[in-house]
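Number of protein chains: 2
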Amino acid sequence: MPVVATKLDQPSTTYHVKAGWKGLIEEYKHYLPVTESTPIITLREGNTPLIPVSSISKMIGRNVKVYVKYDGLNPTGSFKDRGMTMAISKAKEAGAQAVICASTGNTSAAAAAYATRAGMKAFVIIPDGYVALGKLAQALIYGAEVLAIDGNFDDALTIVREMAESYPVTLVNSVNPYRLEGQKTAAFEVVDTLGYAPDWLAIPVGNAGNITAYWMGFCQYHSENKCDILPKMMGFQAAGSAPFVEGHQVLKPETIATAIRIGNPANWEKALSVREASQGQFNAVTDEEILEAYRILGREEGVFCEPASAASVAGVLKLKEQIPDNGTVVCVLTGNGLKDPDSAMKLSESGIRGGIKADLNEVARIMGFIS
Amino acid sequence: MPVVATKLDQPSTTYHVKAGWKGLIEEYKHYLPVTESTPIITLREGNTPLIPVSSISKMIGRNVKVYVKYDGLNPTGSFKDRGMTMAISKAKEAGAQAVICASTGNTSAAAAAYATRAGMKAFVIIPDGYVALGKLAQALIYGAEVLAIDGNFDDALTIVREMAESYPVTLVNSVNPYRLEGQKTAAFEVVDTLGYAPDWLAIPVGNAGNITAYWMGFCQYHSENKCDILPKMMGFQAAGSAPFVEGHQVLKPETIATAIRIGNPANWEKALSVREASQGQFNAVTDEEILEAYRILGREEGVFCEPASAASVAGVLKLKEQIPDNGTVVCVLTGNGLKDPDSAMKLSESGIRGGIKADLNEVARIMGFIS
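Chains as they are written, first to last, in numbering that gives the first Met the number 0: chain A, 0 to 370; chain B, 0 to 370.
Keep in mind that the hints are not guaranteed to be accurate.
A pair holds if it fits inside one copy or across any two, identical chains being indistinguishable in the list.
EDC-like cross-link-like pairs, simulated, lysine to aspartate or glutamate; straight-line CA separation at most 16 Å [unchecked claim]: (1) 356 - 275; (2) 317 - 288; (3) 134 - 341; (4) 356 - 153.
None of these hints come from the bench; they were simulated from the model.
Please read these numbers as outputs of a predicted model, since none were measured by experiment.
Extracted from the complex, chain A is given alone in its bound form (with noise of 0.2 Å):
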C-alpha cells in the first residue's frame, strides 16, 4: 500500500505580518545557503531566549557571567529544528517528496514536523523491538510513518543511505550538509544579543553537529566584523560516553544523557579540528555531575532542560577555575526537559510531604512560619 506523500501544497492564502521574527531562514538569508526561490518551511524556529542565570555565576565568582541558550524553547522542543528547517526547504526546493532518517528521538520529531508543513512525508526507520515508543510519540504525532526493521542501528542507517541514493527521498540525518548551516544560527543569536562573542561557548558533545555548527557561525560573523573575538569551543561528553576525550571510539556508551550518548561520533574529523583552532578542549563530566547541574538549573534558575544539555553547565562549574576574571560563558541547553519526563520524575519522587492536616496552623508550622 503505497504512502508516498500525495498531499496538496500550501494553498494560495498569503499570510502577511508587520513586525515579529520570521524564523532563521528569514533573518539570517544573507548567511544560508538559500536563493529567492527557496520554499522556506518554517514555524518561526530559533530567536531562544539567552537566559542570565546567577547561581552559576555566583559559584564561580570574580565577575564571570553565565548565561544559558536555551534552545528548547524551539517549536519541536530542541535545537534540532534550527537545522531542520534548513533541510527540509532544501529538499522542497530540489523536489523531494519524502524524507528519511533513523533517529529516535530529537531528530526524529523535528524532521517529521517540518517535512509535513512542507506536504511531504517523513519516514523513520528504527531497529525492531530497540527503542522505547516514548521516544517516538512526538514524531508519531507529526505524522511521521515509523518502520521498525529486523535489525540492528547499523542496519537501520544502511537502508536509510540506499533508500536516499535510489528514490526521491532526501537523508535528513546528521549527515545532510543543510542541518549544520541551519544550527549555525545559533552562535548568530548569541553574539546578536550580547552584542559581542563570549570567552567560552559550552557545549554538550555527541555527535559533534551541533560544536562544529557553533564554530561555524562564530568564524562567519567574526569574517563580517560581527565581533572582535572569538570564542574558546569547551565540548562536554558523559565520562560513559567520551570518544573525544579517550581518543578513541567508545563501543558500549552509557550514560543517562541519551542524547549524547553516542560513542562512534559522526563529525570526529570537524570536532577535532574545532578544538585546535578555538584552543577549546573536551572534557568528560559524570551522570552525577550532569544530574547536579540538571537539578540546579531547575531549582535555583527555574530553567528545565533535558539532562544531556545540562553536560554544558556541569562542565563549566567543573572547569571553572580557568575562566578568565570578568569572563562571559554562553552554556547551550539543547533540550527541553519536557521531552524526558522519567527523569524529572524519578529525580523529584520525594518532593511530596503528604498526610497533612486541613489546617491553617498546622500548614504554616509545615512551611515555617510559627514553630
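Based on these hints, arrange chain B on the given structure of chain A.
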C-alpha cells in the same frame, strides 16, 4: 522544620545585553503596573510565535487567514508564564518571602519557576491522594514544596487563602490581579506582529482569565490607537465542562482537555462582559472535535499543543461559516503538547509498523515507491 526561603538575593553580577527580547515586563512596561523600583523576575517569557496554519485556512476557504499563537513556547511551556512574571515580580517588590497556590498543573509549574528565580519559596497545596504525580513533576523540578492535605480541592483553596491573609506569603492563584495584567501582553504581541487586530480571537475557556486578559490587552491597545478594530472574542469550552454555554455551574465537569476542566469559573462576570462588549460568543466543542483539531495541528502543521489548546481550533472549524470573507483569525494555543505525553502516546499508538525485513526493496515497497 522551617522551610521558608533563606536563599541569598541575586548577586551583584550585572548582565548587559545589547539586543533581543528582554521579557514581557521590560518590553511592555509602559502598559503594566510596574515602576523603576519593581524587581523584574523574568525567564524572557512572551514573544511566542504567531504561526500560519494553512491547512486550517484551506478547510475554511474564502481567503480566511488563520494563525495560531503558540504560547506553549513560553519558558515553562504555557501561557501561565505571562501572568507569573508579573505576579512574582510584584510579590518580590512587596517583600513576600514565599508564594502559595492550589494548583495541579500549569500554574504550579510557572509559580515554582518564577519564585525560585526571585529567591522565594513556592508552596503548592493539593488534596492528598487526588493528583497524578506526573502533573507535579515540573513544579518539583523547579524546587516547589508540595503539601498534600487531608481534604478536597476546596479545602486546599481555603488553606491557601488563609495562609496569604495571615503570613508573608503571596497567593498566586488566578485571583491574583497581576496575573491578568501579564497575560494581556499576548494581545499586544498579536497586534504588533500582524499590524492590526484579528477579526476573531479564538481561545479555550476554563476559568475565563485568559479571555479576559486578551480583551484587556486589545482594548488598551485600541485606546492608544495601536489597532483600528477590536476582535470578536470567541471562547470555546469542552462540551462536558461548559458552564458559560449552559449558563450555570457544572458540578462534575468531564473532558479529556484537563486544562479547561472547570465547572465553576473564577471570572464569571468578567467573561460575560467580554462576550457582550466584543460581540463574541461562547460555544462548546466535543472531546472528539478537540482531538481531531489536536491531530490536524500535529499531522498537518507540525504544531504540538495540549489537548485543551486545540479547543480554539476545533471551535473555529465548527463555526467556520460565520467567519467573514478574507478575515483573519488567531487561535490561542495555551500549552505545549509535551506537557501531556499520555495523550500523545494514546493518539499515536498505531503509528509504528514492525517486523519489516531489512531490505531495500522491501522498504521501498512499503514506502510506496515500487509496487
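I want to check one pair: residue 356 and residue 275. Are their C-alpha atoms no more than 16 Å apart within a copy, between two copies, both, or neither? neither (62 Å within a copy, 44 Å between copies)
Given identical chains, is residue 317 near residue 288, meaning Cα to Cα at most 16 Å, within a copy, between copies, both, or neither? Within one copy, since 8 Å is at most 16 Å while 52 Å is not.
For residue 134 and residue 341, with the copy left unspecified, which applies at a CA distance of at most 16 Å: within, between, both, or neither? both (11 Å within a copy, 12 Å between copies)
When no copy is specified for residue 356 and residue 153, does a C-alpha distance of 16 Å or less occur within a copy, between copies, both, or neither? between (57 Å within a copy, 14 Å between copies)
Checked against the numbered hints above, the structure breaks only hint 1 and satisfies the rest.
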